[in-house]
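I would like the entire structure built from these sequences, with the hints used as guidance.
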Amino acid sequence: MPAGQNVVIVGGGHNALVAAFYLARGGFKPLVLERRDVIGGAAVTEEFHPGFKGPTLAHTVGPLRADVARDMQLEKFGFELIRPDPRVFAPAPGGQALLFYDDHARTAESIAKFSPADARNYPEFARTLERIAQVFAQVVSITPPSIDHPSPDALWNLFKVGRGFRGLGKKEMFRLLRWGPMAVADLVAEFFETELLRAVIAARGIFGTAMGPWSAGSSAVLLLRSAADPHPVGSAAYPRGGMGALTRALAESAQRAGVEIRTESEVAEICVKDGEVSAVLLVDGTEIPATAVVSGADPQRTFLRMVDPVHFDPDFLMKVQHYRTSGTSAKINLALSGLPVFSALASADDPDAARQMLSGRIHIGPEIDYLERAFDASKYGEFSRAPYLDVTIPSIADPSLAPEGQHVMSVYMQYAPYKLKNGGWSAQREELAGVVLGTLAAYAPNLPRLVLATQTITPQDLEETYGLTGGHIFHGELALDQLFTMRPLLDWARYRTPIRGLFLCGSGTHPGSGLTGASGANAAREIIHDLR
Amino acid sequence: MSSTYDIIVIGGGHNGLVNAAYLARAGKKVLVLERRHVLGGAAVTEEIFPGFKFSVCSYVVSLLRPEIIRDLDLPRHGLEILPLDGTFTPMPNGGYLWRVNDHGKTRREIARHSRVDAEAYDEFGKAMVAMCRFVKPILAMTPPDPTTLDPRDLKRLMVLGRRFRALSSEEKYNLIQLMTMSAADFLDQWFETDVLKATMSASGIIGTFLGIRSPGTAYVLLHHYMGEIDGAFRAWGFSRGGTGAISNAIADAAREAGAEIRTQAGVAKILSRQGRATGVVLESGEEIRASVVSSSVDPNLTFLKFIEPAQLPSEFLEEVRRYKYRGSSGKVNLALDALPDFKCLPGAGAHLRGAISISPGIEYMERAYDDAKYGHFSRRPYIDIVIPSLTDPSVAPPGKHVLSCFVQYAPYKLAEGTWDDQREAFGDTVIETISEYAPNLKKIIRGRQVLTPLDLERDFGLTQGNIFQGELSLEQLFFLRPVPGWAAYRTPLKNLYMCGSATHPGGGIMGAPGRLASIAILKDWKLGRN
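If you read the sequences in order, they're chains A and B.
According to this note's numbering, the first sequence is numbered sequentially starting from 1.
According to this note's numbering, the second sequence is numbered sequentially starting from 1.
Read the hints as simulated data drawn from the structure, not as lab findings.
Treat the hints with care, since some could be wrong.
Said to hold, decoys possible - Think about it this way: if two alpha-carbon atoms lie no more than 35 Å apart in a straight line, the pair counts; the simulated DSBU-like pairs of lysine-lysine are:
hint	chain 1	residue 1	chain 2	residue 2
1	B	K413	A	K170
2	B	K172	A	K273
3	B	K443	B	K343
What the hints assert, rightly or not - Residues of chain A clear of chain B, computed beta-carbon distances all greater than 12 Å:
hint	residue
4	R25
5	K76
6	G95
7	S115
8	I142
9	S151
10	A279
11	G285
12	S337
13	P403
14	L450
15	D461
16	R496
Here a beta-carbon is modelled for each residue, glycine too, at the ideal position from N, C-alpha and C.
Have a look at this one:
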């Protein structure tokens, strides 16, 4: 072990745990400090009603980047991934529904009921996305190059990405260039005519962002996410035992590698001396000396709340303040006395088949314009009255999460802007839950009668309870100007910060977005390089 | 009758004329064919009401490339640019924001709204000038193809890369933001005054179907910032005699160089044989042969209307069909008996000599966009008003005035009804909107002309009424304009070229596409490819 190195990691979210693991493997003995009494950050399972365990925030896995999963040997620590098929069930108001399976041909059959032309185009779209995703998979695994002084390593990485890009062939090279800055609504319209199909795929470009499907740049988010899973509708995968089982396994794997984890240890300040980190100060007054501090918290929280501003150039601070991190998502978890019956599946003869169809994600948002209108509300400081919902019922595939015969429903609701125009979130919490329930009831009329308990998490709760500044679930907006070499800021996208020994490893760094562990793994690589 | 030319230029708009002028000056025998009775395309002056001369479509000038003015010696051919000083934004609360070219005055004016913004305005101006310096040469450059390994393309890409590397960190930061952000988000970083941000962001949406909060609009903002008159950035002006006078000056230069120009000679078809363009057939049936055909009309007309689909590769046609037009603006031209009187600043002051912008707030602008997204014209639109007769009395009878309103949004595709049904309602909305700030307007209108996107399409050949021959969105710029892989003015049909606003660097009375296309044509000619 490199002598005299005290590495402290702020926060116990999934990226922090991944970074800690790699640092331990690199010979350091990192100490992870988690503010809450439970590790896992935004990937936790909590019993929100007696006997009902819900994914408090994230409800599907990214999935984890393959090399991270391999290196950390998670299955040894009790991690088991459930991959429901179909991945997505998308009901339309008229009682029809689309089903997205792993198998594109099977999905195409479901699409054919809406449009034979779309069914023909779907496999081509899926293949194109797969090929482009391969280029993006390289992009998400590298450290963004320095713009001013790219290192030979960075140039080599870029060269490799460039080679992958050229391997696409002219047509797809141009597709990638053209799609990057495009609105995802335009992208899906190039392939499909069915509104519902367009909406389900487009949703991947807007999930967790302050963009609607007509916002330019939303295609880039879709492409970025396809790097983690190239399936057109993204992944639907749950750890057995709930999302917390993933972070628990990450924690155990990290501990086995030599990481020390302390919960209920909130960092009040990252102490800096002569432009270099010296210690972290906990809220209880404990001071822990550190030669390196790795923050899994978001960039604004790290730079604006944990470090004395005198240590930064005012220009840097101004740019951090301009980093956009205004969240748009809320989370509703429902404890249900039974499985809701969706009108689109009511005629199914086989109840097991109906259950199976609900075992993945459920997409509510039947049209592009529906999604866009949901977004419109948030621009003016209101939450959507007809929201876009991404729903899971993880207890179908994993009965351990709820008492027998009962279920847990997890709902991501968009758009719920962090800043409301009239009044605060505490006054509108009930109304928000009501709107979500009402929206779902239009597709599953018996749902309201099944609700035993409701847990509502507003953007304000996301900030206060989970430390996500602005309630942004991805630690900052996924916009073109906040990605890659610009995440979080141009020239500070290499996990380093203006303070020597202070690093970032959270979702606010490249590539961000989703439970993939990529930010943590990339950060660890750079940190080890610097500390050695 | 059949005659033979070296080059036929389709369309007598400013780009077609620039193209023809350069080609004629190179000694080629050039024929320009214009469908209408008047030259200029969308840069045209017409006497719609007796004595009132309207710059019917395009109404201000700033982007016209200085090298074109110089090369074609346009001032000698009658071009005279009169300054348009400032932008005046009336506000619903009775206040206003009035920015003028005099920097000190503008600073004091902004300081009335916010001291911080007044400070930031200086910095902002400097930053934007640096950005313009970087982008400007790109406007004069044929876009490279980033997907080939052709040394010429690689060289051009490397030149770009080197120039980018040479920027300071701060400049790189700004440039990347301008290329990726929305105008409103970009301005949010600099300013706090709502009306200032709204008015400045307005130039980011012109000619696009985007809102000020849509990424990509910061670039369009820069595109409009780049205007250059007498070497000064960010100066806009009128052309004496209306924008048609610019086209006439260019036409004059072209004729002097030997080009022949015919009006009322609409092209019906481009002739081709064995993958080569060989001439055109006019709507009258007349056939005219030429070695090269250069089309300044948009790709929809050029490739989908004038050419048999069998003559073009299907993948190319697919991309042409995919190219987005989506006109989003209309024009209302008024003949006035007197000047409008603004409640917030009464009288016929200097504020009427500049642009008058109805853009009172960010939310106002965004809501205007929301209406359009769902197929309605904005209930309260963004309007850019000018009164050219104050600066150039020749365009109206003595004591009378012409007032020109550029109106956004007016979506080409309406959710209900047709533009023919809604034209007058649209005109009324525009007048109602302005009347909220200048209540005397309705009483002084002597005549009005309302141009909807449908009219722009029918009368001016602008597909879907897009004033720039295709949206200026990031995925349709530079090496992607108009069709990926065909951004160098050439087309899959040999001897057929594009020279209009649908090619790099796009719209506005710039003339750059016409000039760059002429360079491509002459280069190929020299190499004997024609």
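So, going through the hints one by one against the coordinates:
1. For a cut-off of 35 Å, the pair hint linking K413(B) to K170(A) stands: about 33 Å separates their Cα positions.
2. Restraint check for K172(B) and K273(A): the C-alpha separation of about 31 Å stays at or below 35 Å, so the hint holds.
3. For the hint linking K443(B) to K343(B), the alpha-carbon distance of about 15 Å falls within 35 Å, and the restraint holds.
4. Residue-level check passed: R25(A) sits 35 Å from the nearest beta carbon of chain B, beyond 12 Å.
5. The beta carbon of K76(A) is kept farther than 12 Å from every beta carbon of chain B, the shortest such distance being approximately 43 Å.
6. No beta-carbon of chain B comes within 12 Å of the beta-carbon of G95(A); the shortest separation is about 25 Å.
7. Its beta-carbon lying about 19 Å from the closest one in chain B, S115(A) satisfies the requirement of being farther than 12 Å from that chain.
8. With a least CB separation of 18 Å from chain B, I142(A) remains clear of the 12 Å interface cut-off, as annotated.
9. With a cut of 12 Å on Cβ distances, S151(A) stays outside the contact zone with chain B, its closest approach being about 15 Å.
10. Under the 12 Å C-beta cut-off, the non-interface status given to A279(A) relative to chain B holds; the minimum distance is some 31 Å.
11. Under the 12 Å C-beta cut-off, the non-interface status given to G285(A) relative to chain B holds; the minimum distance is some 38 Å.
12. With a least CB separation of 40 Å from chain B, S337(A) remains clear of the 12 Å interface cut-off, as annotated.
13. For P403(A), the condition that its CB be more than 12 Å from all CB atoms of chain B holds, with the nearest at approximately 46 Å.
14. Consistency note on L450(A): stated as away from chain B, and its beta-carbon is indeed over 12 Å from all of that chain's, at 35 Å minimum.
15. Chain B leaves D461(A) outside its interface by the beta-carbon criterion, the shortest separation being 26 Å against a cut-off of 12 Å.
16. The claim that R496(A) is not at the interface with chain B holds, since no C-beta of that chain comes within 12 Å of its own (minimum 15 Å).
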